[in-house]
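Visitor: Keeping the supplied structure of chain A fixed, place chain B upon it in accordance with the hints.
Those protein sequence lines, which keep their order, are chains A and B. In terms of the working numbering, the first sequence opens at residue 1 and continues consecutively. In terms of the working numbering, the second sequence opens at residue 341 and continues consecutively.
Calculated directly from the structure, the hints in this document are not laboratory data. There may be inaccurate statements among the hints.
[To be verified] If the Cβ cut is set under 10 Å, some of the chain A residues that face chain B in the computed set are: (1) V35; (2) D198; (3) L214; (4) P238; (5) S240; (6) R332.
A virtual CB, placed ideally from N, CA and C, is assigned to each residue, including glycine.
This is what each chain is made of:
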Amino acid sequence: MTTTGGAGMPHWHVSEELAGRYAAGSVPETDAWSVEKHVETCGGCAARLSAAVRVRPETGAVLDGVRAGVLAAVAAEAAPAKKPVRVAARGPVRGPARGLVRLTAPRTAAADGAPAKKPVPVAPFRFAGAATRAGRLLWAAGPALRGSWLVALVLVAVGAVALAYGAGAGEAVRPLLLVVAPVLPLAGVGLSYGRHADPMYEITAATPSGGLRLLLTRTAAVLVLSIPALTLAGAALPASAGRPGAAAWLLPGLAMTLAALALGSYVGCRTGATSIAVAWAAAVVLPVFAASPPAALAAATGAARYFAGPAAQAAWAAGALVCAALLAVRRRSFDHLETL
Amino acid sequence: MSGTEAVNTVEVRALTVRHRRTTALDAVDLDFAPGVHGLLGPNGAGKTSLIRVLATVAAPSGGRVELLGSEVGAGSDHRSRAAVRRRLGYLPQEFGYYPGFTVREFVSYVAWLKEMDAAAVPAAVERVVARVGLADRIDARVKTLSGGMVRRVGIAQAIVNSPDLLLLDEPTAGLDPEQRVEFRALIRELGRSTTVIVSTHLVEDVAAACTDVTLIEAGRIAYRSTTRELTELGGTGDGGAEQPDGNPIERGYTAALRAHRAGVANR
Chain A
1 MTTTGGAGMP HWHVSEELAG RYAAGSVPET DAWSVEKHVE TCGGCAARLS AAVRVRPETG
61 AVLDGVRAGV LAAVAAEAAP AKKPVRVAAR GPVRGPARGL VRLTAPRTAA ADGAPAKKPV
121 PVAPFRFAGA ATRAGRLLWA AGPALRGSWL VALVLVAVGA VALAYGAGAG EAVRPLLLVV
181 APVLPLAGVG LSYGRHADPM YEITAATPSG GLRLLLTRTA AVLVLSIPAL TLAGAALPAS
241 AGRPGAAAWL LPGLAMTLAA LALGSYVGCR TGATSIAVAW AAAVVLPVFA ASPPAALAAA
301 TGAARYFAGP AAQAAWAAGA LVCAALLAVR RRSFDHLETL
Chain B
341 MSGTEAVNTV EVRALTVRHR RTTALDAVDL DFAPGVHGLL GPNGAGKTSL IRVLATVAAP
401 SGGRVELLGS EVGAGSDHRS RAAVRRRLGY LPQEFGYYPG FTVREFVSYV AWLKEMDAAA
461 VPAAVERVVA RVGLADRIDA RVKTLSGGMV RRVGIAQAIV NSPDLLLLDE PTAGLDPEQR
521 VEFRALIREL GRSTTVIVST HLVEDVAAAC TDVTLIEAGR IAYRSTTREL TELGGTGDGG
581 AEQPDGNPIE RGYTAALRAH RAGVANR
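Same shape as in the complex, but just chain A (with noise of 0.2 Å):
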């Protein structure tokens, strides 16, 4: 980089031996950062880049792409088109292919300095771009809710389904789902709060609602989405006389999230919700080791006891209630979330 002093704000070029090393895609990231905002504004080093780049050979590739791009933007614009044409290169685009990019992006009128057209607001078009904004911010809300969380929550409601019609399972799927159910939400917990789940964690933490609020928000994220999809998947299975039913699991699941919510302002959302997850299949499994060979729909049915009748239900419910209020009392230890 070439610097030249001065009284004001200080000048400095983009040197030939800069430019090649941009072009071989050797310069570290922030200097490249600093070389595409200089070019942008300075058309001596703008032509010199320009230069360097374009006797690279794999360049040319880029640049048909590039130029594909642009025709197919100005077509676009010259048609009355309803739909953007992205000229941005599929995919990431790295080193000096990147900057060429967006070196060669057709400019905006605004970019250039001319007026830009005034756009027309249209109530229908602003109420969906409010909406999908909105949407964003919820979607924002609950990291668990994109992913492989949300993907293990279709092929659970779908496969219960697939299993008990297609494979012939029967009135046997039903105390199976009500087993793993429980275990959806703990792990939609588990991923949704706390440095390993949220980009935005540093910033989240030293805010007023990054603590059991936000928590509590994406917990009920997890819920929303868990409960009706896992009860009406429940309630589509073939049912059997004497066997709990669809919404047997609610408080059960209830119950273990707000324990995982509680046990997690102690060692963090994810060992609370992994360590109610291990006790919840102990309880399920172990008896069952203890008796005859092991099988899943037999520790399936054997759980069903867990669920079954009003006196296990309230039990439940009493324990969500004492895990709500232990959770209330440790509300001040998501305060600090360096070590949750």
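Guide: Just chain B now, with coordinates in the frame of chain A:
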């Protein structure tokens, strides 16, 4: 470092931060009043640990931390800590974002987390995004922005609530020289009414933007003075043998650091 009339907005007494067996901060005492204050020091000196405690992200291992008139250290009241966080702005050294977020959504989301009045958020978001020079990119996805632009988005989220205490950890990292000049002007302006604490390893940031400087070395306060005094310390070039071409404040920094190390060695 504060003036005699100014009320301290930050008071730290015997602050100690330990990471397992490492002591990041060792019984540090500090006061800050409104203005722009620089935290200088080598990598690993404890600057980020101090900023994170002041941002109420990390709990101190010991000592007392009072921000904006309220105790926020261990055992402090939950409500007063929440009240302080509403008046706090924090730019971490590194931060992530949700890939689908636009600049507007990112800053709005932080405004929601800071419990700002919902009716005031849209205007506040547009104001701060314009202030960091990204008005024309407000509806662009954050992931499409350059590193320097993302840094400016981070600054926007930090000031969206017009904080009384603004904590900036390496704020000029990734900014090009022109952006740095603009940014320093911005924090000088913010410092007129706000307590701004800037952690940086760039002496030029301190020289250009800060009214005073605190030099941290190995978890201890090595030197405190106004920026002018630090510049005067290096003015003769006596301490600048390692940086013969450095400017006076760089030489002052080197001299202060060397004097502190000599003092520690003689104890």
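Visitor: Taking the hints in turn, state whether each one holds.
Guide: Hints and how they fare:
Because the beta carbon of V35 of chain A sits about 8 Å from the nearest beta carbon in chain B, less than 10 Å, this interface hint is met. At its closest, the beta carbon of D198 of chain A sits 8 Å from a beta carbon of chain B; the interface hint therefore holds under the 10 Å criterion. Contact between L214 of chain A and chain B, as hinted, is supported at the beta carbon level, the nearest pair being about 7 Å apart and thus within 10 Å. Hint on P238 of chain A is violated. Least Cβ distance to chain B is approximately 40 Å, over the 10 Å limit.
With a cut of 10 Å, the hint placing S240 of chain A at the interface with chain B is violated, because the nearest CB-to-CB distance is about 45 Å. At about 5 Å, the closest approach between the beta carbon of R332 of chain A and any beta carbon in chain B falls short of 10 Å, and the interface hint on this residue holds.
Violated hints, in rising order: 4 and 5; the structure is consistent with all others.
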